[in-house]
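S.K.: If you read the sequences in order, they're chains A and B.
Here the first sequence stands for residues 58 to 360, numbered as in the working numbering.
Here the second sequence stands for residues 80 to 1101, numbered as in the working numbering.
Everything labelled a hint here was simulated from the structure, so no lab data went into it.
Keep in mind the model is a prediction, meaning the values are calculated, not measured.
For each residue, glycine too, the CB sits at the ideal point set by N, CA and C.
Take these hints with a grain of salt, some might be off.
In silico DSSO-like pairs for lysine-lysine, Cα to Cα no more than 30 Å straight-line [stated by the list, open to error]:
#1 B:K802 - A:K161
#2 B:K802 - A:K168
#3 B:K245 - B:K289
#4 B:K486 - B:K501
#5 B:K244 - B:K300
#6 B:K426 - B:K486
Selected chain B positions facing chain A (Cβ under 8 Å, derived; list incomplete) [what the hints assert, rightly or not]:
#7 A505
#8 G649
#9 R650
#10 Y651
#11 V652
#12 I657
#13 E844
#14 T937
#15 P938
#16 G939
#17 L941
#18 Q950
#19 D953
#20 G954
#21 Q955
#22 V956
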Amino acid sequence: MTARATRSIAVTHGAAVPTPTGTAAPTRSLAGTSETAGARRIAAAFAGAAADGRAALIPYVVAGYPDHEASLAAALAAADAGADLLEIGLPYSDPMADGATLQKATSAAIKAGATLDGSVALIREVAAARPNIPLVPMCYANQIIGGGDGRAVATRLAEAGASGVIVADLTPDEGAAFEVVAREVGLAVVYLIAPTSTPARRVDVARRSGGFLYCVSLVGVTGARTSLPPSVAGLVAAARADSPVPVAVGFGVSKPAHVRMLVEAGADGVIVASALIDALGPDGRNLAALSSLVGELRAATKR
Amino acid sequence: MTATADTNATQPARAGVVAEIAERRRADIERELGKRNYEALADAAADRSATPGNGPRPIVERLAAPGLHLIAEVKRRSPSAGAIAADADPVALARAYEAGGASAISVLCEPHWFGGSVEDLRAVRAAVSIPILAKEFVVDERQLPVLRSAGADLVLLLASVLPAKKLARFAELARDLGLEPLVEVHDERELEAALATNARLIGLNNRNLKTLKVDPDHCLKLRPVVPSDRLVVGESGVSEPRTLVGWRAVGLDAALIGEALMRSADPAAAARAFVSAGSVPHDVAAEARQPLVKICGVTDSEGVLAALRAGADAIGLNLVPGTPRALTLDEASYLATKIRTSSPVGKRPRIVAVFADAPASAVEAAIAAFDPDVVQLSGDEPVSAIAATRRPVWKVLHLPAAEEASKTDEPALAARAIEEGKAYLASGAAHLILDTAGGPFPGGTGRQIARRVAAAVAREMPIILAGGLGASNVGEVMLAVPAVGVDVASGVEIRPAAATVSDAAATARAVSAVGSRPRKDPFRVALFAKRARAARFDRPHIKSRPTAVSESLLDPDEAGRWGLDRDFGGRYVPETLIAALDQLEAAWTETRHDPPFWAELRELQFHYGGRPTPIYRADRLGAEMLEAARKLVGERAAAGGTTVPSADLLPDRIHLYLKREDLNHTGAHKLNNALGQVLLTRRLGKSRVIAETGAGMHGVATATACALLDIPCVVHMGIEDIKRQAPNVLRMEALGAEVRPVYGGSGTLKDAVSEALRDWVTNVETSHYCLGSTMGPHPYPMIVRDFQRVIGDEAAAQLLETEGRLPDMAIACVGGGSNALGLLHRFIGEPNVRLAVAEAAGEGLATGHHAAALLGGTPGILHGSRSYMLQDADGQVLEAVSISAGLDYPGIGPQLAALMQAGRLTVSSATDVEAVAAMRQVARTEGILAAVESAHAVAALPDVLARTAVPVDAARKRVAAAPSAVPGSAETAGPLPREAVIVLGLSGRGDKDLAALGSAQSRAALATAPSPASAEHKEFAR
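Could you build the full structure based on these sequences and the hints that come with them?
M.R.: This is the structure in structure tokens:
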């Protein structure tokens, strides 16, 4: 009985394993997904933007919102208007990290019939149409590892052409088992840091994050804000100092002014989500407005 | 008060106030006593003590009685407070204090700063019959006999005034005079000097005598540094009786209180309030954690009486020839008679006759001579000796002393003892005593068994721990070892004063000093019993009995994981919340075993919340349940199948006890958790509370606790629930809470949880999320369970009182799990208690419209942890369906998932229609309008009963088939006894559900009068 009690799944809690980045191969299997094919595609996209004297722009679209075809059109429009990478939201019934805009959009997508099959198909279609833009699906833990180690879903996402995955409610504390799977299928597991993360933890999370590090700009849920907290500049600088991978900032980013401020603070990339959904209008089909906002944001990424 | 103001303004100048008083006192004494020498004064004091009525009044045994005692002080003024009551009448005050229950009176003798006098002491001594403490600045040893002659029974010695050597000498002189020294300290340095004296009383002064500043928590911090074989007195800074609740909980034996009493218009009433606050509350659940106390090797009547006064549960009479405490048969008979005739009615300790490898004839002779209640076999008796003994047997197992066993040997030692113990228990031994091996005679080696070994054995079987125990260490041992009892012999005996000689030599000298045998010291006996019983009293989460199941079913690991494979639970939340969860976890680690917290919570639960809630034996309902079960068994037997139940295997009668959580303030068990978490919020230093609610009961409970503790509260509630539970919305608003409607998703509980989490993500720096069930990210499932387990802890203790045993089955309804785990947790480690839960089957499990996460769900991650949940193939959370808003949740707590997976839980269910019918049934048969949630447990009970009525063979087969099975689910434990005891968690009252009674479902229930034997029960049973 004692033997059973001490058995545990391979989860490290609190303390992350040291980074493999820049070290010899044998440590690579310990943690992190920075060496995966997906992570390399993501890194190349960031490097490309940097070579161009810009921060990378990462627009977000909701798969299946307002319906499959329209979401494909939105993704392609965003890509063409200046995206360096695309974040594709997989609609979830209980998105606890999302504010009103994304709640509404994802819930509308589900009502309109969005499924995992549909989302995978969308990724495949976008990947085929714009092969140079790395795709990073964003989802919740239950959609991917709820029923097990996540192999089935991760394999499908990778095969469809995704480069990485952002799981809003997955931290490195719970992510070790999934990282093993992600390494096998070639996906980067992107982790998030928040203003509430302690400095020590920030270092650990950054070292475990694959492809890039998602820096949450504010204490709160997603959603366009009129202004970002002044503390964000310090956070970005600290994150960059700690992180072996590029740092992209999201949550609340909605205007070119925000983007300029973040770029000035040293962000390697910016993620814009709710503002784009707002731009698509009440019916989610205003592609012109979407393209024009993405264009403005792209212009603001110039260093 | 002006003096205080002056003091604060000129702190450095005050550094010398004590020195100044001492200096002045020295001059006074020189003047008063001139050249009179100590010996003459001491002789006078001895003469005085020898005259009738003037001997020292004993104090230490009184303070070693359970609880915190009051030493009430008479004082006219003080340097810190200025004039308090300049014209006070010390005699009238002292009489009032005595009437109010004070254990001693402290009288100020210092004239210049405190306005006291030895005359006051003399007058007070004459007016009361309790001991008197001379509150004096003793700077000259000649003051001691003078004070004793004036009638002092105790004397204050200040470690801040006397150098260490002088302090020790004064303490010794005082004790020789019969004057009990109370050595007062303020810091660890002074404490060190105090502990080097032979004083039995240590005073912890909250006032820094240099700055005169008071910190009422100072003594709580210093208390753990004082060895527990001393009595500890807290001094200064008590203005409210409730302060003493925490002082008692942390192990202070007395409080010295002056100003607060002096300023009261009714000093007797004020004293009574302090005495009452310091007394040990009557709390059945806490009492059940107290160990059995056995005083062994009693050698005379005084020893017997001391053990009886200490409330010993067992007294050992040693009949092992050639050992120091051995009695002749005649002596043992005499002492046994003494025990029988002197015990309080109904509270006679068990008389234990102690043997070691004695011939059967010797045991028989003892039984014939004085009829002991228990025979203790302390030698190498074989297993067969148990059955051959015509009295209950306590068998001693011998283990090497800690210093003799290397750490690497420990697991093997424990394993061997467990194996040996199991053999003795299987042959009928009633208890096992673990004692240190290697002594020349039973007990009395004075050495301890390694705690890890003792703990490992005590975790598996009921153990009475012996070997090297005393008042100084029994408390910590009780925290480390889940022993059900303690046994002490040498640790409570009279010892010689010399501390330098070896233990053996000291014992030998003590023996020669008092006659042929060691004798018990009444003070040590009392203090030992007190420390043993206090250890777990305010620590509900310290293990206090065997829990022979996998640890993974009882508590999460470091990562918050539960279950045999540790794959339920965890922490799946956005990164933003991690810091707050870490903070909460750290706070919980600190709070979980912090006695003042639990003592304060108990005060609220008892005086505000209405705990303990009763258990009520519902005989009419029980009979109907059994009848319904018979019908079900008949139907299932007719249907055939692999496991055919038999009506013969049902009990003849069930004692169905309802645990009446509906009688809590706010009408449900939810208050247990809400009060606790809001109290915790204060500790976390957060200023706002967030809660979610479904039916509104948790929202109302949280709003109530927040109103009580004056903390703003926001409750998130789904829009559909707001419509269904309008009265609770009004209640929350009346209580000052803000109710925020949640429009997203299905507008029910799951969406309220998500929204509460979003609120927390946004306001995490200022807000605590008061989660309402045993779910969510770690550490919530543990915290909520910890606050709710009082239900089962209480129910178990109440059943032990009324039935003399634990129940055969415990059953509760389950949504998230707070009510279910609240009741069941206590019984998880009890292999003979079957555990069952009833899920909400809504419109029927087969329809897919239900809230049965265990029966109809799959593993997944919801609201921060992995457990079972309702979801589609894509992992989208499905809407739960139930008439009961409180069960209407698509998930369930991870500990319950772990229990089901391990086979430790029988899972049944009830549909809306069945629940409403059960609600009517409870109301009709027992006059109790139960919540529709609770009615699910009633509705499912016949099914669970029927499932126990299977032949043992079939049950055993199933155990064998399930490798991870743990004995104790309805099926694997085999049929219930003929007269079965069942406890059912009645989690709440049904006023809120009156509408449901008039609903369509209800009318359907009336029309069809269904039996709970719906098809899906059989289909989904496993």
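S.K.: Would you mind marking each hint as holding or not holding in the structure?
M.R.: Verification of the supplied hints:
Taken as a hint, the K802 (chain B) and K161 (chain A) pair is honoured in the structure, with Cα atoms around 22 Å apart against an allowance of 30 Å. For the proposed pair K802 (chain B) and K168 (chain A), the alpha carbon gap of about 23 Å is at most 30 Å, so the pair holds. For the hint linking K245 (chain B) to K289 (chain B), the alpha-carbon distance of about 20 Å falls within 30 Å, and the restraint holds. Of the supplied pair hints, the one linking K486 (chain B) and K501 (chain B) holds, its CA atoms being roughly 23 Å apart against a limit of 30 Å.
For the hint pairing K244 (chain B) with K300 (chain B), the CA-to-CA distance comes to about 26 Å; that is within 30 Å, so the pair holds. Taking the CA atoms of K426 (chain B) and K486 (chain B), the gap is near 42 Å; set against the 30 Å cutoff, the hint is violated. Below 8 Å, beta-carbon pairs count as interface contacts, and A505 (chain B) has none with chain A, the closest being about 18 Å; its hint is therefore violated. Residue-level restraint check for G649 (chain B) holds (minimum Cβ-Cβ distance to chain A is 6 Å; threshold 8 Å).
About 6 Å separates the beta-carbon of R650 (chain B) from the nearest beta-carbon of chain A, less than 8 Å, and the hint is met. Annotation: interface hint on Y651 (chain B) holds; nearest CB of chain A at approximately 5 Å, less than 8 Å. Below 8 Å, beta-carbon pairs count as interface contacts, and V652 (chain B) has one with chain A at about 5 Å; its hint therefore holds. Residue-level restraint check for I657 (chain B) holds (minimum Cβ-Cβ distance to chain A is 6 Å; threshold 8 Å).
Here the hint on E844 (chain B) is kept, as its CB sits about 7 Å from the closest CB of chain A, short of 8 Å. Taken as an interface hint, T937 (chain B) checks out: its beta carbon lies about 7 Å from the nearest beta carbon of chain A, inside 8 Å. The beta carbon of P938 (chain B) comes within 6 Å of a beta carbon in chain A, closer than 8 Å, and the hint placing it at the interface holds. This hint holds: G939 (chain B) has a C-beta 4 Å from the nearest C-beta of chain A, less than the 8 Å allowed.
With 8 Å as the threshold, the beta carbon of L941 (chain B) comes within range of chain A, its nearest partner Cβ sitting at about 7 Å, so the hint holds. Annotation: interface hint on Q950 (chain B) holds; nearest CB of chain A at approximately 7 Å, less than 8 Å. With a least beta-carbon distance of about 4 Å to chain A, the hint placing D953 (chain B) at the interface is held under the 8 Å criterion. Against a cut-off of 8 Å between C-beta atoms, the interface hint on G954 (chain B) holds, since the closest Cβ of chain A lies about 4 Å away.
Hint status for Q955 (chain B) relative to chain A: holds, with the closest Cβ pair at about 4 Å, below 8 Å. The interface hint given for V956 (chain B) holds, since its Cβ lies 4 Å from the closest Cβ of chain A, which is under the 8 Å cut-off.
The structure fails to meet hints 6, 7 from the earlier list, while all remaining hints are met.
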